[in-house]
Amino acid sequence: MQAETLSGGFADPAIQSAQAFRGVMEAMARPGTVRSISGATPPAPLSGAAGTVLLTLCDPDTPVYLAGEADCDAVRGWLAFHTGAPLAGPSHCMFAVGTWDQLNPLSVYKIGTPEYPDRSATLIVECTELTGSGACLKGPGIKTSSALSVPEVQAFQHNTALFPLGLDFILTCGNTVAALPRSTRVSEADGATEVSSCTLP
Amino acid sequence: MTQYNFAYLDEQTKRMIRRAILKGLAIPGYQVPFASREMPMPYGWGTGGVQVSAAILTPEDRFKVIDQGADDTTNAVSIRTFFERTAGVATTTATSDASVIQTRHRIPEEPLTEKQILVYQVPIPEPLRFLEPRESETRKMHALEEYGLMHVKLYEDISRHGHIATSYAYPVTVEGRFVMDPSPIPKFDNPKLGDMAAIQLFGAGREQRIYALPPYTKVVSLDFDDHPFEASKADHPCGLCGAEESYLDEVIIDDAGGRMFVCSDTDYCERRQAAGHVGKLGGKDAA
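Going down the list, the sequences are from chains A and B.
Here the first sequence stands for residues 368 to 568, where the numbers follow my numbering.
Here the second sequence stands for residues 292 to 578, where the numbers follow my numbering.
Rather than coming from a laboratory, the hints here were simulated on the basis of the structure.
Since this is a predicted model, take the numbers as computed values, not measurements.
Be a bit skeptical, because a hint or two may be false.
Okay, derived cross-link-like pairs now, DSSO-like style, lysine-lysine, Cα gap no bigger than 30 Å in a straight line [to be verified]:
1. B:K509 with B:K444
2. A:K477 with B:K431
3. B:K524 with B:K509
4. B:K406 with A:K510
5. B:K444 with B:K524
6. B:K524 with B:K406
7. B:K524 with A:K510
8. B:K509 with A:K477
9. B:K571 with B:K524
10. B:K509 with B:K406
11. A:K510 with B:K509
12. B:K509 with B:K431
13. B:K431 with B:K444
Please work from the sequences and hints to get the whole structure.
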């Protein structure tokens with residue numbers, strides 16, 4: 368077993384996971400805000416933020432799907448040692464992690480049932496950039512409107528149309544995190560980056 | 292403090308609760324089932340709120356607990372002490388100083404900010420429960436958005452009393468989709484639920500449900516065009532601080548029918564008194 372597998376976890380799990388969770392919760396509650404979280408140093412290609420989210424939320428109760436390059440021995444070993452989460456395919460996972468292209472198609476993930484819409488997957492999307500500009504966001508958690516660099520607009524619009532079913536997204540880049548719950552209405556920014564200029568109902 | 296894991300619960304339990312909170316925030320007003328644990332206090336004493344607080348607290352937080360608005364009742368004092376001992380967090384009674392506020396049946400009078408989180412203790416999370424006892428059926432009713440029964444209940448109030456007599460746990464619609472029980476807060480507090488800057492989390496321990504309202508969520512109290520929702524309170528000023536706008540408790544002060552009305556939010560009342568506001572029964576005459 369390699370040293371990389373054993374290292375890179377939380378040094379003080381109770382405290383660090385609590386602090387990391389607050390970052391993720393604030394991100395989920397206020398779509399469009401970008402926060403930094405830290406604690407984990409996972410093996411490549413996972414970002415620090417993605418690794419921290421996995422350590423904060425995953426355990427033997429949560430099947431995880433490693434998409435694309437994330438599905439390597441180093442990540443498998445690291446995740447198994449630190450969380451004990453079983454690996455699963457996209458249609459059975461509770462969490463999935465990878466880049467946007469590798470996570471697609473989105474139609475295979477669980478979106479919940481009408482009686483239990485919470486039984487849906489949460490996708491951890493590794494992004495090359497994550498900033499509070501780009502597509503326009505509206506919905507719960509957002510006072511008027513906010514903006515976020517999203518990998519694609521149409522997929523999120525389709526996801527929102529499924530409400531109350533649907534997927535929830537945690538976007539990660541480096542040590543920053545943002546979130547797009549299914550309740551957020553995403554639209555193309557109207558040319559200008561000014562957030563007040565978006566035209567969503 | 293070292294005898295316990297941080298904030299009492301074990302890490303796997305906290306992860307389970309945290310996952311439920313995230314799904315709750317993603318589906319505002321929807322009740323997420325969670326595996327509620329036994330807590331070292333009886334059901335009905337806020338075990339749901341305590342578990343939610345335990346899952347979100349960090350060592351940097353300043354924690355406040357209110358019970359019907361009061362910081363100094365048994366329930367509030369014991370939960371505050373519980374987290375002082377098991378999480379080592381700082382505590383306060385000042386609403387504006389707190390980063391996490393656990394509440395039983397009130398929303399503080401002072402508007403909350405984006406830096407704060409309000410955690411509710413919920414006895415019965417299902418607004419349809421007294422109309423339909425079967426969980427399998429209420430699940431279906433939420434799935435199909437079949438809320439006619441709720442309106443029938445309010446209508447029966449009107450036909451019997453001439454107005455909507457439901458005065459607490461008044462049902463609301465969240466973002467035009469889920470009907471939610473705001474916990475037994477007085478309907479006076481209902482208008483504060485919507486468009487609140489703070490995150491609102493609801494925990495029901497015995498009933499094993501967590502739900503949430505993200506900030507600035509649209510929350511509408513159910514009503515009829517000809518009987519619009521009305522946030523009501525006792526028509527008196529506070530006896531101690533003279534506040535006209537706050538929610539009041541009626542207190543019997545003798546055995547001759549004497550009574551007084553005082554702010555249910557003790558921190559709000561004390562601040563007003565400290566600022567020089569005096570009600571009719573304020574000063575040394577007060578009990």
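Hint check:
no.: 1; hint: B:K509 with B:K444; in the structure: holds (23 Å)
no.: 2; hint: A:K477 with B:K431; in the structure: holds (19 Å)
no.: 3; hint: B:K524 with B:K509; in the structure: holds (23 Å)
no.: 4; hint: B:K406 with A:K510; in the structure: holds (14 Å)
no.: 5; hint: B:K444 with B:K524; in the structure: holds (22 Å)
no.: 6; hint: B:K524 with B:K406; in the structure: holds (29 Å)
no.: 7; hint: B:K524 with A:K510; in the structure: holds (29 Å)
no.: 8; hint: B:K509 with A:K477; in the structure: holds (27 Å)
no.: 9; hint: B:K571 with B:K524; in the structure: holds (18 Å)
no.: 10; hint: B:K509 with B:K406; in the structure: holds (19 Å)
no.: 11; hint: A:K510 with B:K509; in the structure: holds (10 Å)
no.: 12; hint: B:K509 with B:K431; in the structure: holds (23 Å)
no.: 13; hint: B:K431 with B:K444; in the structure: holds (19 Å)
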